[in-house]
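Participant: Take the given structure of chain A and dock chain B to it, following the hints.
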Amino acid sequence: MKKLAAIAILLAATSLVVLAADRIFTNPKPDAHLKKLFPNAVAFSKLEGNPLHFTAYAVDPQSNPSAPPLGFAFWTTDMVPLEHGYHGPIHILVGMDLTGVLTGVEVDYDSEPYGYFSVEPPEFAAQFKGKSIRDAYRVGGDVDAVSRASLSVNSAARAIRDSSRMVARALLNPEAVKR
Amino acid sequence: MLPAIRLLSLGLFALQQPEADPWGFDDVQSVETWGDILRPQALDLILLSIFIAFALVSFSRKSVRLKYITLAMAVGYMGFYKSYLISIVNIFAIVDWNWPILKYNLTWYLFAGFTLASTLVWGRLYCGRICAFGALTQLMDAVLPKHWRIDVPKGIERRAAWIKYGLLTAVVGYYIVTRNTMVYRFVEPFWMFGLSEKMVMWFGLGTLLLATVFVRNLYCRFACPVGASLGLISAVTTLRPIKRWSECKTCKICEKACEWGAIRGPQIVKSECVRCDDCERIYEDEQKCVHWIIITRRPEVERRAAARARRLAAPTAPAAS
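If you read the sequences in order, they're chains A and B. At position 29 of the first sequence (counting the first as 1) the number is 29 in the working numbering, and the numbers step up by one without a gap. At position 204 of the second sequence (counting the first as 1) the number is 204 in the working numbering, and the numbers step up by one without a gap.
Same shape as in the complex, but just chain A (with noise of 0.2 Å):
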C-alpha cells in the first residue's frame, strides 16, 4: 500500500513537472510582438472575443469608442489547435488589417527539430507581410521552400493561412476585402 501511494506521488510529480516544462500554453506576454505587427497601435485589446483576438486601435478606445480599429492580431494555436509540424504546434501571432491583408506574423515559439533553418529565421515571417487572405499560401509558389525542412514550413503557411481566414470570416466585413 505504501509502494503503492509512493508511486502514484512520484507520477503526479512527473506529470506535474512535464506539464509545467511542456510548452502546450500560449505566450501571455506578446506585447514586444504587437507593436511590431501594429507599430501604429496605441492601445491593444486583451485577448478576448470569438475566436480570440486582440484589436489594435489607432486612437484611444476610451476617449473615442467609434473609431475603426487598425486590425486583429491572433494565434495559430488558438484557431488552428490541431495544426502540428514535425513536433507540436508552432506558434504564430498574426496581425491582419481591416482589407484582409497581413500586416506581418511573429513565430514566437516552436520544437521544430529543423526550426532554426526553416521557420525561425526572420525572412520566413518577413514574407507573409502584406499577403492578402486570398493568397494560396503554397510552398513552393508563393511561400519560399526550405528543402529538408518542408515538414515544418508546410505547417507555418498552413496555420497562417487557416486562421487569418477564421478570423476574416469572423470579424472582417468581406465587401472590405479586395478580391
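Just so you know, these hints were derived from the structure itself, not from any lab. Among these hints, one or two may not hold up.
Said to hold, decoys possible - Cβ-Cβ distance ranges computed for the label pairs, FRET-style:
hint, chain 1, residue 1, chain 2, residue 2, range
1, B, T178, A, G140, 31 to 37 Å
2, A, T99, B, F203, 46 to 52 Å
3, B, G204, A, E48, 45 to 51 Å
4, A, S66, B, T178, 48 to 54 Å
5, A, T99, B, Y68, 57 to 63 Å
6, A, N27, B, E197, 25 to 31 Å
7, B, E280, A, G140, 42 to 48 Å
8, A, G140, B, F25, 15 to 21 Å
9, B, G204, A, P51, 44 to 50 Å
10, B, I37, A, D144, 20 to 26 Å
11, A, P51, B, E197, 35 to 41 Å
To be verified - Here are some chain A residues pointing at chain B (derived, C-beta under 7 Å):
hint, residue
12, S111
13, F117
14, R148
15, R165
Just so it is clear, the structure is predicted and the values come from calculations on it, not from any experiment. Every residue, glycine too, gets a C-beta built ideally from N, C-alpha and C.
Facilitator: For chain B alone, kept in the frame of chain A given last:
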C-alpha cells in the same frame, strides 16, 4: 394550407440556392479530396517506395553490389536530398505524443512505418541500410584502406555497446524534464544532412568521422540512441531472425567476420545485428561454411577415416595373435 406551401417552397428555395459565400476561398469550404491531398506528395511517395523496394531486394538477394547501391542511395536521397532520418526527436514524440499530421505527411509516415515494421520483422535493418549516416560510415569503411582500421578488443566492444542505452536513457530523461527538443543535435549527427549548422558543430562532426576512419561504424555500434531504441525492439520482437546451423556452436568464422560485434558463439545478439548479410553470405557459401563443408566432404572424410582405421588396425592384428 397556403402558408404551408409557401413555407415549403421557401424551404426548397433555400435548399436549391444556398446563400452565396462572400469569401469564396479556394480551399476552406470545398471538401479536400484524396486527389488534393495526394497530388503534392505523389513524387516523394513514389521515390521513397522505389528506395524501400530497392533496399528490400538488396536484402533478400544478399547481394553485395545491390547493397552498396542502396547505401549510396541512402546517403544521397534519404540524407542530403530529403533528410529523412529517424531521430531521437521521434522518440521524444512517443513521450508526449506529438506527431505530424497524417494526411499532409504521408511520405514521412510511410518512412516511419517501414522502419517500425522492418524492425519488428527483421531487426535493425534500418540501421544497416536505410539510415543515411549509417550508410555513410559503411561506405567510408568500404573505401578506406583496411590496414588503417583498429579492431576493438571483444571485451571493450561488448561493454561499449551499452553506452548507447545509457545515452538513450539520459537524453530521454533530459527531454522529459526540460522539453528541449534541440538537444538532439548533441547526441546524433543526423543534422549534418540539413547542412545548416555552426562551425563548432561541424568541427565535432569532423572529429567523429575521423574516429570512424579507424573504428568502423563507431557511432552506430556504441553511441546511437535511435539504434539503441530499435535494438530494444528487435531484441524481443524479431520475427524472422537469422538461422543458425548446429555447427555454429563451435565454428567461429561468422563471429570473426561480423563487423558489428553481433555474434557471440552460437548466438546472434539481435540488439546489435543490423542485418548486413555478411554472416548469411558465409552461411550459404558451400566453400566457406563448415556446415556445408562437412556435408560435401563427408564421403571423402569417411573414406579417409576408414583407411586410417584400417592402417592402424593392420599392424596390431598380428601382434595380438
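Participant: Evaluate each hint against the coordinates.
Facilitator: Against the structure, the hints come out as follows:
For the pair B:T178 and A:G140, the beta carbons lie near 35 Å from each other, so the given range of 31 to 37 Å is met. Between A:T99 and B:F203, the C-beta spacing of about 51 Å keeps the proposed range 46 to 52 Å intact. In this structure the hint that B:G204 and A:E48 lie 45 to 51 Å apart at CB holds, the actual value being about 48 Å. Distance hint check: the CB atoms of A:S66 and B:T178 are about 49 Å apart, consistent with the given range 48 to 54 Å.
Between A:T99 and B:Y68 the Cβ separation comes to about 59 Å, which falls inside the hinted range of 57 to 63 Å. In this structure the supplied range 25 to 31 Å holds for A:N27 paired with B:E197, their Cβ-Cβ distance being about 27 Å. Taking the beta carbon of each, B:E280 and A:G140 are about 43 Å apart, inside 42 to 48 Å as hinted. Our hint of 15 to 21 Å for A:G140 and B:F25 holds, since their Cβ atoms are close to 20 Å apart.
A hinted range of 44 to 50 Å holds for the C-beta pair B:G204 and A:P51, which are about 46 Å apart. Against the hinted window of 20 to 26 Å, the Cβ-Cβ separation of B:I37 and A:D144 comes to about 22 Å, which satisfies the hint. For the pair A:P51 and B:E197, the supplied restraint of 35 to 41 Å holds, since their beta-carbon distance comes to about 39 Å. About 5 Å separates the beta-carbon of A:S111 from the nearest beta-carbon of chain B, less than 7 Å, and the hint is met.
A hinted interface residue such as A:F117 counts as satisfied when its beta carbon comes closer than 7 Å to some beta carbon of chain B; here the least separation is about 4 Å, so the hint holds. With a least beta-carbon distance of about 4 Å to chain B, the hint placing A:R148 at the interface is held under the 7 Å criterion. Given hint, A:R165 at the interface with chain B, holds; its Cβ is 5 Å from that chain's nearest Cβ, closer than 7 Å.
Comparing the model with each numbered hint stated earlier shows that all of them hold.
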